[in-house]
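Asks: The residues making up each chain are set out below.
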Amino acid sequence: MSETKKTTIVLFSGDYDKAMAAYIIANGAAAYDHEVTIFHTFWGLNALRKDEPIAVKKGFMEKMFGKMMPRGADKMGLSKMNFAGMGPKMIKDVMKKHNAIPLPQLIEMAQEQDIKLVACTMTMDLLGLQEKELLDNIEYAGVAAYLADAEDGNVNLFI
Amino acid sequence: MSETKKTTIVLFSGDYDKAMAAYIIANGAAAYDHEVTIFHTFWGLNALRKDEPIAVKKGFMEKMFGKMMPRGADKMGLSKMNFAGMGPKMIKDVMKKHNAIPLPQLIEMAQEQDIKLVACTMTMDLLGLQEKELLDNIEYAGVAAYLADAEDGNVNLFI
Amino acid sequence: MSETKKTTIVLFSGDYDKAMAAYIIANGAAAYDHEVTIFHTFWGLNALRKDEPIAVKKGFMEKMFGKMMPRGADKMGLSKMNFAGMGPKMIKDVMKKHNAIPLPQLIEMAQEQDIKLVACTMTMDLLGLQEKELLDNIEYAGVAAYLADAEDGNVNLFI
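Chains as they are written, first to last, in the UniProt record's numbering: chain A, 1 to 159; chain B, 1 to 159; chain C, 1 to 159.
With the rest of the complex left out, here is chain A:
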């Protein structure tokens, strides 16, 4: 068959290293002509946050979540050896030394490669995140849209 292959990733994790793995696989799959979707849910939404504070009206709980969660990909911690924030700096230092691409640039590259970046509206609601706090040119959808993509996927991962 000459059908386009499909890759879908649920990015649940808010860890820098896990998000890197997700975006490296996604960009690789797009380079091999897969149709790729990354569905960001729960803490994975933080990868899509703009890095500057955005003025939005929020309730108390939503404000607290907003303050405690990392504002954008560059501020996320590591899943292992985070050492109160030292770990991400170490990883970023070795990444620079080895010319590895940092997460914010991996996300830009994904957008340039037309990878569909989706924010899960149900969990945005729970965590009090609003559209204008997230990157431009992303899509908003729920679990039904994810399943419609994944049921024809060749590679489906939950990260």
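It is worth saying that the hints were derived from the structure and are not from the lab.
Being a predicted model, the structure only gives us computed values, none of them experimental.
Not one of these hints is a red herring.
Computed Cβ-Cβ distance ranges for the label pairs, DEER-style:
| hint | chain 1 | residue 1 | chain 2 | residue 2 | range |
| --- | --- | --- | --- | --- | --- |
| 1 | B | Lys92 | A | Tyr140 | 20 to 28 Å |
| 2 | A | Ile101 | C | Met68 | 22 to 30 Å |
| 3 | C | His98 | B | Thr4 | 30 to 38 Å |
| 4 | B | Thr4 | A | Asn137 | 32 to 40 Å |
| 5 | C | Glu52 | A | Met86 | 24 to 32 Å |
| 6 | C | Tyr32 | B | Asn99 | 38 to 46 Å |
| 7 | B | Ala31 | A | Lys67 | 32 to 40 Å |
| 8 | A | Pro104 | C | Phe60 | 24 to 32 Å |
| 9 | A | Tyr140 | B | Asn99 | 14 to 22 Å |
| 10 | C | Gln130 | A | Lys96 | 14 to 22 Å |
| 11 | C | Lys58 | A | Ile101 | 17 to 25 Å |
| 12 | C | Gln111 | A | Gly59 | 54 to 62 Å |
| 13 | B | Thr4 | A | Gln111 | 32 to 40 Å |
| 14 | B | Gln105 | C | Glu139 | 40 to 48 Å |
Chain A regions said to be covered by chain B (calculated; three or more residues, Cβ under 8 Å):
| hint | stretch |
| --- | --- |
| 15 | 41-51 |
| 16 | 55-64 |
| 17 | 116-128 |
| 18 | 149-159 |
Glycine included, each C-beta is placed from N, C-alpha and C at the ideal position.
Based on the hints, put chains B and C in the right spot on chain A.
Replies: Okay, now just chains B and C, sitting in the frame of chain A:
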């Protein structure tokens, strides 16, 4: 093809938020007429524990595991921002406010939708969990049964 | 079709329990005649480290990572209830009692069953791991090789 689509999830994690994601995807897939299996292994078994203590004979180690692990879905912690138990309360408060369905009800809904809930017998053994400590109307199986389902699955996830 | 079924696992996690789950599924799938690949990336590479120190030249950061990360499967911690190293001992004790196979033996078994064990060269570079520090008879590859396996996979998991 008019074949039934299949979704399988290995629920390894004992985190409230990850179990929620698993059950939301599972219930969604069942609503779209997928045949759905959730295979609970390791800490994911805690989602199937009854919330009251059950009198069973156990060795010392098994008793310790039994005491230390959360007794049922409602007592599980968060994968991020758990804050010694404050996090789950916060999440449950915002969930109530936004009319999101709590995990125990998501599990009930899964049973009503005939999602096959399986407890991994090998890890039950390791963690000293016995059948009468777990919810009624679930199945007991090992990795072979999981693979038999997954090898024909359209969406297979490890959470 | 009488085609060989395929299972691929990305082992990202450096946790003893998650690596056990990965190797149990992999060995199960190989027993059912699947072609199986485990692609070790990030902390999952630690499962492939030899347990003795190997003399290699490294920069400062690479030395630090090398010292801080567990040297081989037997030294990995748990994803839950690690209790500063007590948890793995507890798990290994109950495993012995129940005749469950410890992780280093699960890895040996995987090699005997011709499961393809791959180390991700990009993350080896980042974490400063060199080929002679890892087990013999494994393969070295990048995300392109992983995707080539996974796009025809029946069961693809990220652990």
